[in-house]
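Produce the complete structure using the sequences and hints provided.
Protein chains: 2
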Amino acid sequence: MHISEFQEMMRRLYFHRDNERGVKGTHEWLVEEVEELREALEEEDKEAIEKEFADVIAWLASLANITGINLEKAALEKYNNKCPKCRCSPCQCTF
Amino acid sequence: MHISEFQEMMRRLYFHRDNERGVKGTHEWLVEEVEELREALEEEDKEAIEKEFADVIAWLASLANITGINLEKAALEKYNNKCPKCRCSPCQCTF
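Chains as they are written, first to last, in the numbering used here: chain U, 1 to 95; chain S, 1 to 95.
No lab work stands behind these hints: they were computed from the structure.
As the list makes no split between identical chains, a pair holds if one copy fits it or if it spans any two.
Below, simulated SDA-like cross-link-like pairs (lysine to any residue); rule was C-alpha separation at most 20 Å, straight line:
(1) Lys24 to Glu36
(2) Lys73 to Lys85
(3) Lys73 to Ala48
(4) Lys73 to Met9
(5) Lys78 to Ser4
(6) Lys85 to Arg17
(7) Lys24 to Glu35
(8) Lys24 to Glu43
(9) Lys24 to Leu41
(10) Lys82 to Met1
(11) Lys51 to Cys88
(12) Lys51 to Arg38
(13) Lys78 to Gln92
Written as structure tokens, this is what we have:
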């Protein structure tokens, strides 16, 4: 599924709730899901890890929906087969 | 671009660095990018917001690469045209 199709699915499912909650509250949920992902990774619980990865990308798409950002377009404008810093593939940054 | 194709692009560009940094360090970068997204949203800087959304999904894909998770598969197993909690589209959860 395209990134933009996933974002659109999140819009159909959740836009009414996401928009009501607002940007600040939705970002806070994203932060919470990233923390839950850390916990699942620490516990090395594969099933929980997969679910938390799903939740992080879902909340990121929700946040993109209520801020009017096309996540796929934004991702490919910055990352398009080259590292945006060194312009190489694979990245050869020396920092 | 499919979510899995984006993840594969991140693998080509960054796996050598991501794998060396490890799971904990890569998760810390993800947290940092989510914070930078918050700052860009607060400043209402559209260009910066787009770049930070790109960075968050890029670091999420990097983290998925080094933990052996297929981000697209994980996302669609949990979110597949229905809310995973109420099984409705759109979501009708009452919490």
